[in-house]
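Q: Each chain, letter by letter, is given below.
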Amino acid sequence: MERDGFLELRGVASRYGATQVLTDIDLSIAKGEFVALLGSSGCGKTTLLRLIAGFIGPSAGEVKVRHRDVTHLPPDKRGMALVFQSYALWPHMTVAQNIGYGLKLKGIPRAEIAARVAAMQSLLGLDGLEARKPQALSGGQRQRVALGRALAIDPEILLLDEPLSNLDARIRLTVRHELRALQKRLGITAIHVTHDREEAMVMADRIVILNAGRIAQQGTPEDVYNRPASAFVAAFMGAENVVFLNGMPQGDQFMIAAGLANAAGNVPIAGRPLAAGRVEARFRPEAARLFAADELAVTGPGITFRGEVAAVSYPGGHWRHVVRLGENEIMADADRAFAPGASVCVFVPAEALFLFNSPEAASVSPISRAASGKVHA
Amino acid sequence: MSRRLLGLLLVLPALAVIAFLFILPLIMSAVGAFQVEGAFGWGNFTKTFDLYTKDIIFTVVIVSLSTVLIGIASVAIGGYLTLGEHPVAVAILRWLYRWPMFIPFIVVGQILRTFLAKNGMMNNTFINLGLLTPLDAVSFLDWRGIVIAFVWKQTPFVALLVAGAMASINRDTIEAARNLGASRLRLLVEIVVPQVAMTLTVGLILSFVTMMSVLSVPLMINAQSPTMLTADIAFRVNSYGDYGVANALGLISLVLASSVAWIYLRASLKERA
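As they're listed, the protein sequences go chains F and L.
One point on numbering: in the working numbering, the residue at position 223 of the first sequence is 243, and numbering is uninterrupted.
One point on numbering: in the working numbering, the residue at position 244 of the second sequence is 227, and numbering is uninterrupted.
A hint or two may mislead.
Unchecked claim - With a straight-line cut-off of 30 angstroms between C-alpha atoms, the simulated DSS-like cross-links for lysine-lysine are: (1) Lys126/F / Lys84/F; (2) Lys253/L / Lys124/F; (3) Lys253/L / Lys153/F; (4) Lys37/L / Lys101/L; (5) Lys97/F / Lys84/F; (6) Lys124/F / Lys51/F.
Claimed, not checked - Computed list of chain L residues with no C-beta within reach of chain F, every gap over 12 angstroms: (7) Leu(-9); (8) Leu(-7); (9) Ile1; (10) Ile6; (11) Tyr63; (12) Val73; (13) Leu79; (14) Pro83; (15) Ile94; (16) Phe98; (17) Met105; (18) Trp245; (19) Leu252.
These aren't lab readings, by the way, just hints derived from the structure by calculation.
As the structure is a prediction and not an experimental result, all values here were calculated from the model.
Note that the Cβ used here is the ideal one computed from N, Cα and C, for glycine as well.
Construct the complete structure from the given sequences, taking the supplied hints into account.
A: Next comes the structure, spelled out in structure tokens:
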């Protein structure tokens, strides 16, 4: 089958009134792939999904399925089914009627509808509930009915608009795996909109991160997690700690100059487009290693910060410390607790340290760089 | 204790108004319906059914037909306001459809009298457009006129309720059906209307009861027999001073009106169960 370009978006843009919601979206999705559209609220991910589904037309660009232009086709002519965040079950219909409605619209004989609805019910674990109305179902059951209604018409592409966000946290974890297993079993192409990073990581083959209506980065979960392409992606993927450093490339290493709170160090460039000057360094709390000031044992390339513990808490599994580095505060996890006020060293290994040239620093001279440094330090 | 007394005192004026201006006259006219020259009996009712059986049927048919047409028209208006894709047309309809609500029944009767008469505006327009010859022109000032007047006057009210209910249903339920390929008509009939069924029923029942009590329209438009019960009641009282038969006719109207209210109560109980 077609591995590439089963569903293709080319230069898609969308406008709502004067607001540009989506800009220049290029996306190619293979058959059977599970793609997560990840972004914070207002980034345009739901708009993109509704645009793919055909509820809104793009202001520019085209949508293709199997190389066929579907940009101006109505929602039901695209071979797609959408599962709504609110489930959107019809309250006046029973479970069986809800699931079978799409088949009824296709003019399929009653006996066959009944058989397919029954098969869908047992696939989704809804046996015995066919006569219930949606109000008499639990949240998880409603979600499965919504899924059954979408799958009953045998779509080629399943669109999921935050389908798990209305479920209890505990149910959500199991439903993630159920949904993923079902998608694999049916071999259906799925596009899943979510703002939950972990959900996207666990479920998707590929994650597409959206920021302000543009694709910030796309790749496998490991890719976007370990090799974020921009400071935004790094922050969104959990690297919330941010420190500004100065450095310059030298061969295949990036040399970091000693600063007020950090020792000099070097990390491999590994193909990153880093220019000399001020860089934004980001890392996750769990990637940092915490030592008492006098027992530092550096094990490989990376960078070491000196600071003082400002607060400590126990979120479970490890101790989380707020460490003051000069005027900055960062978070760092450790297996043992350091008392507030203790002097500590924070070591961040090279592979967990994400460096980006800060946009305002890239073009300015060294003198004004120092001046702007005061603002951020 | 004093607080309870104060509460009772506060509702007393309202209670008194209801008791003396509504419940008491109702009981008195109900009792009056069974009184013939000082004694209790069925006389008024036998007389009523002898004279007015045709009018009772006429009233029920006219009001039921009007209710059905109002239902269809208000669903069509509400449906277009909810599902219409032409924003200008939707805006114009939204602005236009409420106007008849603010026009009193008597004025509606007057307008339609000049509009529907044999040489009225409607027939004149058709004749001038060449759609009708003057010989074929007929007056609509009979049962059809009453139905047109009722539908014209009551549709905006029901449409207002229905359109409000339609606007508040979850839009996703409409889009989910569109996603599966439902046409606009199916969306309206199978997805939207069932979700506003209760509101539609309430609106239609209120309209039914209102139409049962309109006197001006049958008097203005249908000055012949058979006519509606309201005109008969007015006639019995004004021309003969015959309160007994008038009360009997009133009681029959009340039974007809409360039978639809009973349908509503039963439906709402079923909905809650």
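Q: For every hint, state whether the structure bears it out.
A: Going down the list of hints, with the structure as the test:
Between Lys126/F and Lys84/F, the direct Cα distance comes to roughly 23 angstroms. Compliance with the 30 angstroms bound is thereby established for this hinted pair. In summary, the hint linking Lys253/L to Lys124/F is supported, as the alpha carbons are separated by about 27 angstroms, within the 30 angstroms threshold. Note on Lys253/L and Lys153/F: the hinted pairing holds, with a Cα-Cα distance of about 14 angstroms set against a maximum of 30 angstroms. A distance of roughly 26 angstroms separates the Cα atoms of Lys37/L and Lys101/L; the hinted pair therefore holds under the 30 angstroms criterion.
A hinted pair counts as satisfied when its Cα atoms are at most 30 angstroms apart, and Lys97/F with Lys84/F qualifies at roughly 12 angstroms. As the CA atoms of Lys124/F and Lys51/F are separated by approximately 27 angstroms, the hinted pair is consistent with the 30 angstroms bound. For Leu(-9)/L, the condition that its CB be more than 12 angstroms from all CB atoms of chain F holds, with the nearest at approximately 40 angstroms. In this structure Leu(-7)/L is separated from chain F by more than 12 angstroms, as the shortest Cβ-Cβ distance comes to about 39 angstroms.
The Cβ of Ile1/L lies farther than 12 angstroms from every Cβ of chain F, with a closest approach of about 37 angstroms, so its non-interface assignment holds. Chain F leaves Ile6/L outside its interface by the beta-carbon criterion, the shortest separation being 38 angstroms against a cut-off of 12 angstroms. Against the 12 angstroms criterion, Tyr63/L stays outside the reach of chain F, whose nearest CB is about 19 angstroms from its own CB. At the 12 angstroms boundary, the C-beta of Val73/L stays outside the reach of chain F, the nearest C-beta of that chain being 18 angstroms off.
Every C-beta of chain F lies more than 12 angstroms from that of Leu79/L, the closest at about 26 angstroms, which supports listing it as non-interface. Once the 12 angstroms rule is applied to beta carbons, Pro83/L is consistent with being away from chain F; the minimum gap is 31 angstroms. The claim that Ile94/L lies off the interface holds: its Cβ sits roughly 39 angstroms from the closest Cβ of chain F, which is beyond the 12 angstroms cut-off. In this structure Phe98/L is separated from chain F by more than 12 angstroms, as the shortest Cβ-Cβ distance comes to about 40 angstroms.
Against chain F, the non-interface label of Met105/L holds: every CB pair exceeds 12 angstroms, the least being about 40 angstroms. With a minimum CB-CB distance of about 23 angstroms to chain F, Trp245/L clears the 12 angstroms threshold, and the non-interface call stands. Under the 12 angstroms C-beta cut-off, the non-interface status given to Leu252/L relative to chain F holds; the minimum distance is some 17 angstroms.
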